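Protein chains in written order, with this note's numbering: chain A, 229 to 338; chain B, 929 to 1090.
Just so you know, not all the hints are guaranteed correct.
What the hints assert, rightly or not - If we take Cβ atoms under 10 Å as the criterion, some of the chain B residues that face chain A in the derived model are: (1) F935; (2) S959; (3) L998.
As the list claims (entries may be wrong) - Computed cross-link-like contacts, BS3-like style, restricted to lysine-lysine with a CA-CA straight-line distance of at most 27 Å: (4) B/K986 / B/K1083; (5) B/K1083 / B/K999; (6) A/K318 / B/K986; (7) B/K1058 / B/K1083; (8) B/K986 / A/K326; (9) B/K986 / B/K1058.
Stated by the list, open to error - Covered stretches of chain A (in silico footprint by chain B; criterion: 3 or more residues with CB under 8 Å from a CB of chain B, positions within the stretch not fixed): (10) 229–242; (11) 296–303; (12) 308–314; (13) 317–324.
Note that these hints are calculated values from the structure, not bench results. On a predicted model such as this, the values are computed, not experimentally measured, just so you know. Backbone N, C-alpha and C fix where the C-beta goes; we use that ideal spot for every residue, glycine too.
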Amino acid sequence: MSPLAEYAISALLVFGGAFTLIGAIGLARLPDFYTRLHGPTKATTVGVGAIMLSSVIYFSAIGEGVGISEILITVFLLMTAPVSANMLAKAAMHIGVKTVEDTEGKPWEQ
Amino acid sequence: MFDRLSFPQPWLSLILFLIWQILSDGVSGGSVVVGLILAWLIPQITHGFWPERPAFVKVWRMPAYILRVLKDIVIASFSVAWLILTPRNPRPAFISYPLRLDHPLAISILASTISLTPGTVSADVSDDNKTLLIHALDATNDQEVIDAIYNSYEKPLMEMFQ
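Based on the sequences and whatever the hints tell you, model everything.
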C-alpha cells in the first residue's frame, strides 16, 4: 500500500472517530430532548461517512476493488437517519416532553 | 389475474433490482432471479403506502442537489461540533416553515434534507401539508433559517418537481 493511501486512511479514521465522539458528548451535554436529537443524528453522519470512506480507500488500495457495499451502507444510513430523528421528535411531541426554558416557539398540538 | 404480475412502481422495482445486484457481490443467475422476485414482491406488499404515482421529476438536477447537500452536511457538522465543544448554551427554537412544495415525495425529500443538515431537525408536517415544524439547535433569527432553507433546498426541489 502506498504511504499516501495510509495517511489518507489514518486521517479519515481519526476524523470520523472524533466526530462520532463529539456526537456522543453532545448527547450528554445538550440540555433537553430535542437538542439532544441533533448530536447523534448529525455529527455521526459525518463520522460514519468518513470511516466508510477510509474503508473504501483501504480495500481499493490493497487491490480488492472498490467496495460498493460501503457506499451502500452510507446511502442507507443517510436515508434512514432523518426518518428515525423525525419519529423520535414526533413521539416526544406526542407525549409532551418538556423543552428547555429558553426555547423559542412551541411544539404544536395536533 | 395478470394484474398481480405487473410492476406497479417500475422505478422502485428497477432500483430494488439494481441494489440487490450490488448487494449480492457480482451478477449471477441466482442473484438475477432473487432480484426479480424482490423487485416484484416488495412493491406489491408496500403498494398501500404509495398513494399516488410519482410526478415527473427532473432527475438530471438530482446530482447537483445531492452534492450541495453533502457539502452542507460537512460544513454544518463543524459548526454543530463547535457548539457542542464550547461551553456556551445553544438557543434552540421551534420554527414553523411555510411549505411551497405540494408533492408528498418532494416534501419528504425536503424534510429529510433538513434533518440531515446539522442544526435543524424537521419534527412534523401539518395535516394539510402546508407547514413544516422545524427544531433548530441554535437559531438567533427564525426568518434567517427559513430564508436559508428556501434558497438552498426548497427552490431547487421546486424546479425539480415542476
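#### Entry: Hints violated by the structure (numbers, ascending)
1, 2, 6, 8 and 10
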